[in-house]
Amino acid sequence: MKPARMTIALALMLLPATLAAQDQLPDVERQLVARGAPVEWAQSVAEIVAAARADGLPTGPLVSKALEGWAKRGRVPPDRVLAVLNQLMGRFGTARDLAVGTGLDDPPGSLVAAAAEGLGRGMTPENVRDVIAAAPTPEAAATGMTVAGSLAAQGLDVAAAVRAVRDDFRNGRSAAELLELPSGMAALIGQGMHPRDIAQQIVRGGGFPGRGSGARPKGVPPTKGPTDIPTKARGRRRGNN
Amino acid sequence: MIDGSHISPDVHRLLDGEPGGSPEDRAAADRFQTALDTYGAALRLPGRDVDIAVMTAVRRRRGRARSGMFWRWLVQPQAVQLRPAMAAAAIIAALAVGIVVRQATLGGSPGVGSETPVMLVRFELAAPRAQTVSLAGSFNDWSAGEEDMVKSPATGLWTITVPLPSGEHQYMFVVDGEQWVPDPNAHAQVDDGFGQSNSVIVVGPRGVVRS
Amino acid sequence: MTERANLPDQVLVRHVLSGNVEDYAVLVERYRTQLARYAVSLCGDSDIAADAMQESFVRAFDSLASCRDPAKFRSWFTRILTNQCHNMRTRTRTHVALDDVDAAANESADTRLTSNEIGRAIEEALDTLTPEQREAFVLKHIEGYSYSEMAGLLDSAVDALKMRVYRAREIVKERLQDFV
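Residue numbers (the working numbering), protein chains in the order written: chain Y, 1 to 241; chain U, 242 to 452; chain P, 453 to 632.
Keep in mind that the hints were calculated from the coordinates and are not lab data.
Hints are supplied without guarantee of correctness; some may be wrong.
[As the list claims (entries may be wrong)] Take a look, some chain P residues computed to stay more than 12 Å from chain Y by CB distance:
#1 Arg531
#2 Thr582
#3 Asp611
#4 Lys625
[Stated by the list, open to error] The following residues of chain P were derived to be distant from chain U, with all beta-carbon distances above 12 Å:
#5 Val480
#6 His538
#7 Asn539
#8 Arg541
#9 Glu584
[Claimed, not checked] Ranges of calculated distance between the beta carbons of each label pair, as one might list FRET restraints:
#10 P:Ser470 <-> Y:Ala83: 39 to 49 Å
#11 U:Ala367 <-> Y:Ala133: 24 to 34 Å
#12 U:Gln437 <-> Y:Thr94: 39 to 49 Å
#13 P:Ala457 <-> Y:Pro38: 15 to 25 Å
#14 Y:Arg73 <-> P:Asn458: 21 to 31 Å
Remember, predicted model here, so these are calculated numbers, not experimental data.
From the three backbone atoms N, C-alpha and C, an ideal C-beta is built for every residue, glycine too.
All chains should be modelled from the sequences, with the hints used to inform the complete structure.
See below:
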């Protein structure tokens, strides 16, 4: 998070009276209190979410994480939840800066969240940039990021996971088709293949096993999603701004 | 939203504004939305009394001419496009019942994609000695106790089938209300950030394959 | 007067903040008409909805300077209204949301008079939803929002919103079994 924004975000957190007067966001507070959470703690959570929103960072995953933390309260102390939320918000800031650095002026929240999760699962900033560059749209990049992160969590070498996602995009596969990869990985592992061997095949250009290495078979029309748009022109994908 | 649910994934998709489904599905979706439109059209709406009361209260307050301290401050506006087919359908439906269609000028963060289909996904856990097992995850706000699983007397397996949109989902089973148990059939286990773990599945357009 | 009614939100907000309080009336009428159905569906009661709208407009006026992007007054205000509706719904709900055909016959406490049985069934179904399910369902099916628009408004991911809407649909559909 840029220093100026950090200061301002912190300032927001120290002004509970101002926030209350704004009536901007008690959604998460209301949900937590309805589940029996102490009001003060719920307000602290709400303040973090408000700060994230003020900074243009995705709030959905923070709210979800807070609800998760409360649901797991038997084993997770409330202060730990707040610390995790702050940490997550920080990672969102980093991920957002990364995405902006690739030429997207206003990366969607889904992409920022997915990139942050990917970084947490072992993807490097370079990996994140590669996925964004390969994807036809920022929204598709979010899916690609999620898939790469999931493959990595399944034991696939991170570089191979990123390569598999990149290859799929370059072969014209849609974001929806990418979501098949983790199931594909599970099937291969179930058949006895080792993640190391799967990684090797991908990295050698052989593609994801069972999926085909190169372009689509003849006669099969490409799915939607142009892959030949120059990076600079990719900027804002959504209308009216 | 479980076994014995009344709405098929195809009808959910239709109600989400996505194409497809059989003629029966389309008829079911139409009937549902029409019933809601009828309800909406019959509501008695607050009138000018609200405006009068508000302006009375507001005139009494001292003018708050704070300069724009927070204006245009940290948030970049985002625009959202209504997909043309949906816009047309919305306008037609609105004209039919006299509902005003609002402008599409809201900001938002698109998720994995508004076109993500819904798939029925089955979860199962072998826990023969458990009294209760429920499913808590990102898709139900981690509300343990809401998605109660059902035990098969024959196999001792606890199961539940849930419609899920495509994408990644994190979850755990909650046994007897307090024991959080991973799913050995998940795609992966990941750190939940709290020092525990979550099970992960990624639902694709054709569902889920487990190891 | 007619000209003032056509001014965009951000201009009106600026006018109000520089001391022209009367221009607020335009915003009030604009969003009272546009969001009335939403408020009543959320509150389940026209009078409570009227109170919620009134309270929301006054609070919005008080904190108008903190509306970060006046061009997005609508979503900022909708958020305030959503929360007021939830807060006020916990008051006694007497179900006077639907137009009564024959008010004189509304004697026994047991009859919630409505000429519209489907409407009654939907009312009752909405009452069994959690606040989160209800707001998502109403935004989707009464107001016609897309999931991404809702995500921006409600601080939730699209998937979480879909789950709430699916669940709410199941509950409503079950109540409508005899009619739909």
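Do the hints match the structure? See the list:
no., hint, in the structure
1, Arg531, "violated, 6 Å"
2, Thr582, "violated, 8 Å"
3, Asp611, "violated, 9 Å"
4, Lys625, "holds, 25 Å"
5, Val480, "violated, 5 Å"
6, His538, "holds, 16 Å"
7, Asn539, "holds, 17 Å"
8, Arg541, "holds, 15 Å"
9, Glu584, "violated, 7 Å"
10, P:Ser470 <-> Y:Ala83: 39 to 49 Å, "holds, 43 Å"
11, U:Ala367 <-> Y:Ala133: 24 to 34 Å, "violated, 44 Å"
12, U:Gln437 <-> Y:Thr94: 39 to 49 Å, "violated, 24 Å"
13, P:Ala457 <-> Y:Pro38: 15 to 25 Å, "violated, 47 Å"
14, Y:Arg73 <-> P:Asn458: 21 to 31 Å, "violated, 52 Å"
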